[in-house]
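Asks: From first to last, the protein sequence lines stand for chains H and F. Its first residue numbered 280, the first sequence is counted upward by one per residue in the numbering used here. Its first residue numbered 155, the second sequence is counted upward by one per residue in the numbering used here.
No lab work stands behind these hints: they were computed from the structure. Certain hints may be false.
Claimed, not checked - Mimicking SDA-like on lysine to any residue, the simulated pairs with C-alpha atoms at most 20 Å apart in a straight line are:
| hint | chain 1 | residue 1 | chain 2 | residue 2 |
| --- | --- | --- | --- | --- |
| 1 | H | 377 | F | 183 |
| 2 | F | 157 | F | 225 |
| 3 | H | 320 | F | 253 |
Unchecked claim - From the structure, some residues in chain F lie toward chain H, with a derived Cβ separation under 8 Å:
| hint | residue |
| --- | --- |
| 4 | 168 |
| 5 | 195 |
| 6 | 248 |
| 7 | 250 |
| 8 | 251 |
| 9 | 254 |
| 10 | 258 |
Said to hold, decoys possible - Stretch-level coverage of chain H by chain F, calculated; a stretch enters the list once three of its residues show a Cβ under 8 Å from a Cβ in chain F:
| hint | stretch |
| --- | --- |
| 11 | 294-302 |
| 12 | 352-364 |
Note that this is a predicted model, so its numbers are computed, not measured. Cβ atoms here follow ideal geometry from the backbone N, Cα and C, with glycine treated the same way.
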Amino acid sequence: ELKVEQNPLFLSMQEGKNYTIYCNYSTTSDRLYWYRQDPGKSLESLFVLLSNGAVKQEGRLMASLDTKARLSTLHITAAVHDLSATYFCAVDRGFYEKLTFGTGTRLTIIP
Amino acid sequence: DVKVTQSSRYLVKRTGEKVFLECVQDMDHENMFWYRQDPGLGLRLIYFSYDVKMKEKGDIPEGYSVSREKKERFSLILESASTNQTSMYLCASSLSHKAQYFGPGTRLTVL
Chain H
280 ELKVEQNPLF LSMQEGKNYT IYCNYSTTSD RLYWYRQDPG KSLESLFVLL SNGAVKQEGR
340 LMASLDTKAR LSTLHITAAV HDLSATYFCA VDRGFYEKLT FGTGTRLTII P
Chain F
155 DVKVTQSSRY LVKRTGEKVF LECVQDMDHE NMFWYRQDPG LGLRLIYFSY DVKMKEKGDI
215 PEGYSVSREK KERFSLILES ASTNQTSMYL CASSLSHKAQ YFGPGTRLTV L
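Looking at chain H on its own, in the form it has when it is part of the complex:
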């Protein structure tokens, strides 16, 4: 059974700082997704990582995938308040697009 662990679960950081969210998973997969969820809202797709070594960047967020280590990271550069949200990683199980989600990282950016 595929297990997906995110850490930290809660992260409070100051504006302007850098930080990384980690997503570890337990079995082989070549596809991983990052989503953002604002309070009371649904999930929004951030990144799709489809192969080992994939790196995607959008604004202050950068995601990478190391399939050998079964690890993805979401790096936040010079955080701003607008990035406050819950971030989920989701790992493809390899058939029928079934995903296993991590439990999420609630990120709070403090002015």
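Knowing the structure of chain H, use the given hints to seat chain F on it.
Replies: Showing chain F alone in chain H's frame:
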């Protein structure tokens, strides 16, 4: 832009009632999914469908059924609602190897 709509944002039902949650997507996606989201548990897959009239159980199908008579519409049915089915229900759709697009969610309360 992909649009996934759900029939209700908030729903209150009584124990034992039959409940229908509807989801419609407008981008001709072949895959559709139903999840429930509970605090501390992340998103858990209830059922999914990869084609019209095709359905597969997810991780927690007990107490639920689904229907997909048309490509754009995927319904979740609670045959006899129970209090432990109080949750946020999220519908999603996708093309193969692409990100899932989520609807706004239905917050269901079963009294």
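Asks: A separate judgement is required for each hint: does it hold in the structure or not?
Replies: Structure-based check of all given hints:
no. : hint            : result
1   : 377(H) - 183(F) : 15 Å, holds
2   : 157(F) - 225(F) : 14 Å, holds
3   : 320(H) - 253(F) : 18 Å, holds
4   : 168             : 25 Å, violated
5   : 195             : 7 Å, holds
6   : 248             : 6 Å, holds
7   : 250             : 7 Å, holds
8   : 251             : 7 Å, holds
9   : 254             : 7 Å, holds
10  : 258             : 5 Å, holds
11  : 294-302         : violated (count 0)
12  : 352-364         : violated (count 0)
Of the numbered hints given earlier, the model fails hints 4, 11 and 12; all others are met.
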